[in-house]
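S.K.: So the chains spell out like this:
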Amino acid sequence: MSAVFPSLEWLEELKEKLNSDEKYARIAKNWEGDMLCQLDADDTLKEPIFLYIDLWHGKCREVAIWDEIGDKKPAFVMKASYGNFLSVLRGDLDPMQAMLTRKLGVKGNMAVMMRNVPTVLEFVRCAGEVTDEAL
Amino acid sequence: MQPILKVNLSTGTFEDYIIRAEWQRDYLGAASLAARILYDDLTIELDPLSSESPLLILTGPLTGTFGPATGRFIVAGKSPATRLWAESNVGGIWGAELRKTGYDGVWITGKSNSPLYLSLNGSKPELRAADHLWGQDTYQIQETIKEEAGLKSTKVLGIGIAGENQIPFAGIFCDHGRAAGRTGLGTVMGAKNLKAIAVRGNGGIPLAKPDVYKNLRIAANRALKEDPLSSVMSDLGSAGAAEYLDYLGEMPKKYFSVGALEGTEKLSGSSVAETILVGKKACHGCVIACGRVVDLGDSEKRKGPEYETLLGFGANLGITDAIFTTRMGELCDRYGMDVISASGTLGLAYSLFEQDIISTDDTGGLALNWGNAEAAEILVHKMAHRKGFGALLAEGSLSFAHRFGVEEQAVQVNGLELAYHDPRGASGMALVYATSPRGACHNQSDYFLAEIGQVDDTLGLEYFDRHAGAEKAANVARHQDWRTVGNALVLCHFANVPPETVLDLVNAACGLELSLDDLMRSGERGWNLKRLINLNLGLSAANDRLPEPLLEPLPDGGAEGYIIPFDEMLSAYYTARSWNAETGAPTHEKLKELGLVELNIA
Numbered sequence: 002m003s004a005v006f007p008s009l010e011w012l013e014e015l016k017e018k019l020n021s022d023e024k025y026a027r028i029a030k031n032w033e034g035d036m037l038c039q040l041d042a043d044d045t046l047k048e049p050i051f052l053y054i055d056l057w058h059g060k061c062r063e064v065a066i067w068d069e070i071g072d073k074k075p076a077f078v079m080k081a082s083y084g085n086f087l088s089v090l091r092g093d094l095d096p097m098q099a100m101l102t103r104k105l106g107v108k109g110n111m112a113v114m115m116r117n118v119p120t121v122l123e124f125v126r127c128a129g130e131v132t133d134e135a136l
Numbered sequence: 029m030q031p032i033l034k035v036n037l038s039t040g041t042f043e044d045y046i047i048r049a050e051w052q053r054d055y056l057g058a059a060s061l062a063a064r065i066l067y068d069d070l071t072i073e074l075d076p077l078s079s080e081s082p083l084l085i086l087t088g089p090l091t092g093t094f095g096p097a098t099g100r101f102i103v104a105g106k107s108p109a110t111r112l113w114a115e116s117n118v119g120g121i122w123g124a125e126l127r128k129t130g131y132d133g134v135w136i137t138g139k140s141n142s143p144l145y146l147s148l149n150g151s152k153p154e155l156r157a158a159d160h161l162w163g164q165d166t167y168q169i170q171e172t173i174k175e176e177a178g179l180k181s182t183k184v185l186g187i188g189i190a191g192e193n194q195i196p197f198a199g200i201f202c203d204h205g206r207a208a209g210r211t212g213l214g215t216v217m218g219a220k221n222l223k224a225i226a227v228r229g230n231g232g233i234p235l236a237k238p239d240v241y242k243n244l245r246i247a248a249n250r251a252l253k254e255d256p257l258s259s260v261m262s263d264l265g266s267a268g269a270a271e272y273l274d275y276l277g278e279m280p281k282k283y284f285s286v287g288a289l290e291g292t293e294k295l296s297g298s299s300v301a302e303t304i305l306v307g308k309k310a311c312h313g314c315v316i317a318c319g320r321v322v323d324l325g326d327s328e329k330r331k332g333p334e335y336e337t338l339l340g341f342g343a344n345l346g347i348t349d350a351i352f353t354t355r356m357g358e359l360c361d362r363y364g365m366d367v368i369s370a371s372g373t374l375g376l377a378y379s380l381f382e383q384d385i386i387s388t389d390d391t392g393g394l395a396l397n398w399g400n401a402e403a404a405e406i407l408v409h410k411m412a413h414r415k416g417f418g419a420l421l422a423e424g425s426l427s428f429a430h431r432f433g434v435e436e437q438a439v440q441v442n443g444l445e446l447a448y449h450d451p452r453g454a455s456g457m458a459l460v461y462a463t464s465p466r467g468a469c470h471n472q473s474d475y476f477l478a479e480i481g482q483v484d485d486t487l488g489l490e491y492f493d494r495h496a497g498a499e500k501a502a503n504v505a506r507h508q509d510w511r512t513v514g515n516a517l518v519l520c521h522f523a524n525v526p527p528e529t530v531l532d533l534v535n536a537a538c539g540l541e542l543s544l545d546d547l548m549r550s551g552e553r554g555w556n557l558k559r560l561i562n563l564n565l566g567l568s569a570a571n572d573r574l575p576e577p578l579l580e581p582l583p584d585g586g587a588e589g590y591i592i593p594f595d596e597m598l599s600a601y602y603t604a605r606s607w608n609a610e611t612g613a614p615t616h617e618k619l620k621e622l623g624l625v626e627l628n629i630a
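Chains Z and L are the protein sequences, given in the same order. Numbered according to the working numbering, the first sequence spans residues 2 to 136. Numbered according to the working numbering, the second sequence spans residues 29 to 630.
These are computed hints drawn from the structure, not numbers from a lab. Each hint should be verified, as a subset may be incorrect.
[Said to hold, decoys possible] Partial list, computed: chain Z residues near chain L (C-beta under 7 Å):
1) 45
2) 46
3) 95
4) 97
5) 100
6) 101
7) 112
8) 115
9) 116
10) 119
11) 122
Quick reminder that beta carbons are idealized off the backbone N, C-alpha and C, glycines included.
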């Protein structure tokens, strides 16, 4: 049975997927930087949740759930409602479309981000493939 | 609305032109309103460089209001490059300063016997001799006129040597490198012997509900600053998405002939930011500041390259040196030439040279092989001065190709060179280029952004695959309508402002109670009005075409092998627009719906 999104189990499955996916490894080989996905509460998710994912040279080094951002400074912070994150993972909302229509906020070095859009798209594909069940 | 200052250069007289109140509701301002004001003057017989040819500089109801990226204005008339409707949109500070003089626009008619410049200090207009300015570049006139005025705060709009020399792609420039570059309106200004317009305002910007507007624009600017697209534009400039566009096969190389070129990654906003960027520059009141300030190693702060400059003088010519493109951009700005048309015409020359259609016998000994930056620089100078081979290039790509019997190879539509967004990577751009009222233009609709997801569902826009065909035609038309609203207000396309926010700002600024449907209808009205003007000027359905090279597949890159189903797309577009397939004209029903029946051609 698949892990439920969002949960630590889901993050562990994502880590395993990223570390075994050849296409992701190839396209993300130059990526350096951890990211935090901030899922804001909506009708389904009652409290915000922070998913931490450390990505480095085509591999996933660490995943965790944080209670808050606090003083930590991940390289990128993606911020959206739970529903919009889920739409992206399910392929109902293109990640670039989400960003360009203000459904997904992105903070971090935009030079790195724009240079690596294919990596982001591959990451989203992998995350989508481990998302069978959600809240 | 404030009046327009109407200036007759033949008689040296001035009058106030009062804009009909109902036209603001119907056309909003700037580009659409200019089309309505000039409708009767733009005839097929009119020589764009004649005394009778009008040149209308017009702001929008949001210009200078410190709204979200609303510092822009437009210039309009009849294009010497296309002989069709001409409109060009420019930022900087000049437009806001003009409105502070008590005028919303300047309408130039007639022709002076000797060089003049118009000074508008407060609301007092004066024509002054400009013999000493003739021959100066667009940067030099800024300094000279400000010194004469004794006021650094004077804002100057003017032409360079290209406009004086009647090069059909000369633009009108303000504030050091802000360009109304397209469609050759600098040529019209030069033909009138008008070198510059200097403005110094001391009034306020009229707003119907100033307190309401203030609260709205503060919130809008705060939201805009937080927008991810703003971050990209602010951090990386207009070339911020270059790598992604290249990945999609949308970045032209070697005059649209290939999809891949080693070193292209050096021609991106990221690369500029990591190498030569030392600062940013903003148009009036803009929180994004997409303008680049760079240092090329000589400790001098210069205007950095925009996307079109990086591509036009870069990959388009097989060159991957951002510093070179920066220098060529400045050269074009100083001469007062449109970067896209100048580099596009050069790209054609390189392409013909590589095909052995032209040789060093034609080029004055220059070998125009891909990557030859030195030759490009020499030819930019020669173009501006109409010297040698440069004089042939100075006529633009269509005339140049015609001279060598290869008209079909010119990548242009109706005489205007294509912007550097290859429609084979974003098929909607095929319709945008083919149907744009001013030739191959990406500012009548930046649909390439819609192709990567910038589609606001509150406007009824949908997201289609970038290689979808006829099914996206109605979406393209709707996107054009929305951008026509933007060009009427005037709103920068880089500002990702929610449509509801735009609506609230317009209503507060103008004292109107428009709905979003009204706003979209105004955009559609403006689009169809420009279509009527062009039909009057001789355009027909046969003009709605893409150049042949773009109908061929690319051999490599992100759009490799894709062929645009252009005929099907155009047919669906005509249906969506309610345009007659034979004549290319809007149907009577559509004109009636838009309130344009009385303007219809016979």
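S.K.: Against chain L, is residue 95(Z) within 7 Å by beta-carbon distance?
M.R.: Since chain L brings a Cβ to about 5 Å from residue 95(Z), closer than 7 Å, the hint holds.
S.K.: Hint check: is the beta carbon of residue 115(Z) less than 7 Å from a beta carbon of chain L?
M.R.: holds (6 Å)
S.K.: Minimum Cβ distance from residue 100(Z) to chain L below 7 Å?
M.R.: holds (5 Å)
S.K.: With 7 Å as the cut and Cβ atoms as the points, is residue 112(Z) at the interface with chain L?
M.R.: holds (4 Å)
S.K.: Hold the hint about residue 119(Z) up to the distance rule: shortest CB distance to chain L must be less than 7 Å.
M.R.: It holds, given that the least Cβ distance between residue 119(Z) and chain L is near 6 Å, below 7 Å.
S.K.: Holds or violated: residue 45(Z) as interface residue toward chain L, Cβ cutoff 7 Å?
M.R.: violated (21 Å)
S.K.: May I ask you to test the interface hint for residue 97(Z) with respect to chain L, counting a Cβ-Cβ separation under 7 Å as satisfied?
M.R.: holds (4 Å)
S.K.: With 7 Å as the cut and Cβ atoms as the points, is residue 116(Z) at the interface with chain L?
M.R.: holds (5 Å)
S.K.: The hint names residue 101(Z) as touching chain L; please verify it with the least Cβ-Cβ distance against 7 Å.
M.R.: For residue 101(Z), the interface hint holds, since the closest Cβ of chain L sits about 4 Å away, which is under 7 Å.
S.K.: Given residue 46(Z) as an interface hint, is the shortest Cβ-Cβ distance to chain L below 7 Å?
M.R.: violated (22 Å)
S.K.: So, as I understand it, the hint says residue 122(Z) touches chain L; can you test that by seeing if any CB pair is closer than 7 Å?
M.R.: Since chain L brings no Cβ nearer than about 9 Å to residue 122(Z), farther than 7 Å, the hint is violated.
The structure does not agree with the numbered hints 1, 2, 11 stated previously, though it agrees with the rest.
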